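Whole structure, please, built from the sequences with the hints as guidance.
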Amino acid sequence: MAILEDDRLVELLVDRPDSHRSVGDIYLGKVEAVLPGIQAAFVDIGAEKSAFLHASDLIEADEDEDPEDREPDDADEENGSGNGNGGSGSGGGDGKSEGKGAAQVIANRRGPPRSRRRQAPNIADELKRGQTKLVQVIKEAIGTKGPRVTAQVSLAGRFLVYMPFASKVGVSRKIENREQRARLREMVTKLVPKDEGGWIIRTVADDLTEASCKREIDHLLGLWKKIQRKSSSGRAPQVVQRETSLTRGIVRDLLSDKVDLLLLDSKLLYNEVEQYLKQIDPELLPKVKMYHDEAPLFDAYDIEAEIRNLFKQRVDLPTGGYLIIQPTEALISIDVNTGRYTGKRDPESTILRTNLEAAREVARQIRLRDIGGIIVVDFIDMETRSNRDKVLQELRTHLGRDRARTRAFAVSELGLIEMTRQRVRPSLWQSMTTECPTCNGTGRVFRPEVVVRRMERSLKRAGADHKERQLSVRLHPEVALYLVEQEPNFLRQLEKLTGLELEVRDDPMMRLDEFRMMARPAGRDVTEQYAVA
1 MAILEDDRLV
11 ELLVDRPDSH
21 RSVGDIYLGK
31 VEAVLPGIQA
41 AFVDIGAEKS
51 AFLHASDLIE
61 ADEDEDPEDR
71 EPDDADEENG
81 SGNGNGGSGS
91 GGGDGKSEGK
101 GAAQVIANRR
111 GPPRSRRRQA
121 PNIADELKRG
131 QTKLVQVIKE
141 AIGTKGPRVT
151 AQVSLAGRFL
161 VYMPFASKVG
171 VSRKIENREQ
181 RARLREMVTK
191 LVPKDEGGWI
201 IRTVADDLTE
211 ASCKREIDHL
221 LGLWKKIQRK
231 SSSGRAPQVV
241 QRETSLTRGI
251 VRDLLSDKVD
261 LLLLDSKLLY
271 NEVEQYLKQI
281 DPELLPKVKM
291 YHDEAPLFDA
301 YDIEAEIRNL
311 FKQRVDLPTG
321 GYLIIQPTEA
331 LISIDVNTGR
341 YTGKRDPEST
351 ILRTNLEAAR
361 EVARQIRLRD
371 IGGIIVVDFI
381 DMETRSNRDK
391 VLQELRTHLG
401 RDRARTRAFA
411 VSELGLIEMT
421 RQRVRPSLWQ
431 SMTTECPTCN
441 GTGRVFRPEV
451 VVRRMERSLK
461 RAGADHKERQ
471 LSVRLHPEVA
481 LYLVEQEPNF
491 LRQLEKLTGL
501 ELEVRDDPMM
511 RLDEFRMMAR
521 PAGRDVTEQY
531 AVA
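Residues 1 to 533, numbered by our numbering, are exactly what the sequence shown covers, in order.
If you are wondering where the hints come from, they were derived from the structure by calculation, not from laboratory data.
A hint or two may mislead.
Straight-line distance between alpha carbons at most 20 Å, and here's what the computed DMTMM-like set of lysine to aspartate or glutamate pairs gives [as the list claims (entries may be wrong)]:
1. K390 - D378
2. K460 - E528
3. K496 - E528
4. K289 - E485
5. K289 - E5
6. K258 - D281
7. K267 - D299
8. K258 - E5
9. K214 - D195
10. K460 - E449
11. K289 - D299
12. K145 - E329
13. K467 - D525
14. K230 - D218
15. K289 - D260
16. K174 - E126
17. K460 - E501
18. K30 - E126
19. K226 - E210
20. K312 - D218
21. K258 - E283
22. K258 - D206
23. K258 - D525
24. K460 - E487
25. K287 - D6
26. K258 - D402
27. K267 - D15
28. K278 - D378
29. K460 - D525
30. K230 - D207
31. K214 - E283
32. K390 - E357
Estimated spans, in silico, between C-beta atoms of each pair [to be verified]:
33. G441 - A120: 45 to 53 Å
34. K214 - Q180: 13 to 21 Å
35. T420 - E32: 23 to 31 Å
36. D506 - E528: 18 to 26 Å
37. H466 - E503: 14 to 22 Å
Remember, it's a predicted structure, so these values are computed and weren't measured experimentally.
A virtual CB, placed ideally from N, CA and C, is assigned to each residue, including glycine.
Listed below in structure tokens is the structure:
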């Protein structure tokens with residue numbers, strides 16, 4: 001599924017039947033271990049790795065808490081309500097989808113989050129080993145880490161998010177009209193049963209009617225009762241509620257009056273979306289169209305080319321500058337360069353223009369690549385503070401379109417801008433690529449001359465061992481060509497030094513920095529005996 005803004009790809013969501021998206025799923029888990037030293041517990045939810053539950057995710061909601069810290073799509077500055085770190089209302093639809101793809105044009109803005117959390121309880125006082133606990137996945141397993149879960153379960157509907165363990169009614173911060181906020185809060189407060197949990201009124205509920213509100217409240221309360229029945233009669237670990245499919249999640253969270261068009265090239269998906277919209281918002285049906293052209297949908301919108309580019313380190317800017325994006329274990333580094341753009345006026349204005357362009361593209365790329373965690377951007381050095389502030393403001397403005405929580409901090413003394421972005425699932429780079437078997441993920445291989453030196457040391461060991469008399473060495477053709485052109489006397493000198501009878505064969509099946517030593521005439525591979533370095 002591709003999301004376009006101003007005819008440019010800004011988000012790519014990929015789902016496969018064999019790799020279920022688990023964010024939003026609710027489990028009856030079993031506590032495997034409680035670790036007071038890190039104030040966390042590990043919970044068995046039936047996944048390959050145990051889930052991580054931090055003490056802060058046990059806290060019941062407090063009216064001073066900002067739901068922005070837990071519900072990425074919805075927040076209320078005045079009235080906090082409890083939710084579970086994103087839960088099923090994470091605004092991305094983290095379930096399965098069985099169809100092909102869809103193209104969307106979406107305008108979606110949000111401001112930077114604030115963090116105001118209560119002090120977490122002592123984990124050892126709250127949980128014991130072997131105890132069962134209802135938890136919800138808020139972050140997928142990434143790398144060596146298992147999924148992260150919260151005990152603050154949330155259930156997302158079209159217009160409302162229901163939080164069974166909270167008590168307040170909050171309104172999305174994106175609904176800015178005070179009268180409208182007051183009207184919505186009053187309506188929902190009047191309709192929800194007392195002491196039945198907390199609620200957040202979502203951004204798309206701007207024109208919510210009482211009938212629609214009542215229908216959704218009844219649906220979410222019924223869903224929660226079903227979850228309670230299943231969890232009370234089930235044995236841990238087991239899944240008690242799956243998040244909705246990717247397609248339905250996107251329609252539920254993003255399809256609104258601000259969206260121009262939802263295009264689908266799968267009749268199966270089209271029927272699913274049509275039936276879903278008839279239930280929740282029939283007025284949006286005209287925005288949904290079936291794509292019938294012969295050319296593939298993604299080709300028609302030039303999305304395939306964008307997908308290929310998002311795995312490249314280099315990203316070109318319109319005026320000739322470029323970014324270099326490099327993921328590491330600890331953080332993502334982004335370097336900004338002027339490239340061929342030299343400008344026509346003073347250097348500071350040239351640098352400012354490049355940095356402003358780069359700020360816009362950085363915001364787009366981290367969203368497009370779904371990069372999370374710590375991000376460090378090295379913009380080109382600027383002399384004036386006002387220019388540095390302009391770049392930071394431009395970056396923050398464009399980060400405001402991102403559905404994931406992002407924060408960009410002030411320019412450091414080294415001229416770097418440090419950022420954090422909510423990490424819910426592995427980035428596209430992690431989930432769609434694998435480590436190169438030749439370079440083992442370094443992106444570098446030994447030069448031919450280095451391979452020859454390694455081979456030379458190995459052959460000297462074989463000569464000193466006096467167990468072999470004839471050896472055949474297989475090399476990549478490029479390394480063999482280096483020997484012929486740059487070191488034509490290599491074999492003759494080495495034969496004289498080691499007493500071995502040697503021959504070299506080029507083998508296109510060899511990796512560039514690999515060689516094999518074969519004992520003749522039997523053809524026995526003796527590489528591992530002698531190739532130590």
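Do the hints match the structure? See the list:
no.	hint	verdict
1	K390 - D378	holds, 15 Å
2	K460 - E528	holds, 14 Å
3	K496 - E528	violated, 23 Å
4	K289 - E485	violated, 63 Å
5	K289 - E5	holds, 18 Å
6	K258 - D281	holds, 14 Å
7	K267 - D299	holds, 19 Å
8	K258 - E5	holds, 11 Å
9	K214 - D195	holds, 17 Å
10	K460 - E449	holds, 17 Å
11	K289 - D299	holds, 17 Å
12	K145 - E329	holds, 13 Å
13	K467 - D525	holds, 13 Å
14	K230 - D218	holds, 18 Å
15	K289 - D260	holds, 11 Å
16	K174 - E126	violated, 35 Å
17	K460 - E501	holds, 12 Å
18	K30 - E126	holds, 14 Å
19	K226 - E210	violated, 24 Å
20	K312 - D218	violated, 48 Å
21	K258 - E283	holds, 13 Å
22	K258 - D206	holds, 12 Å
23	K258 - D525	violated, 66 Å
24	K460 - E487	holds, 17 Å
25	K287 - D6	holds, 17 Å
26	K258 - D402	holds, 15 Å
27	K267 - D15	holds, 17 Å
28	K278 - D378	violated, 49 Å
29	K460 - D525	holds, 16 Å
30	K230 - D207	violated, 35 Å
31	K214 - E283	holds, 18 Å
32	K390 - E357	holds, 12 Å
33	G441 - A120: 45 to 53 Å	violated, 36 Å
34	K214 - Q180: 13 to 21 Å	holds, 19 Å
35	T420 - E32: 23 to 31 Å	holds, 29 Å
36	D506 - E528: 18 to 26 Å	holds, 22 Å
37	H466 - E503: 14 to 22 Å	holds, 19 Å
In summary, the structure is inconsistent with hints 3, 4, 16, 19, 20, 23, 28, 30 and 33 from the numbered list given earlier, while agreeing with the others.
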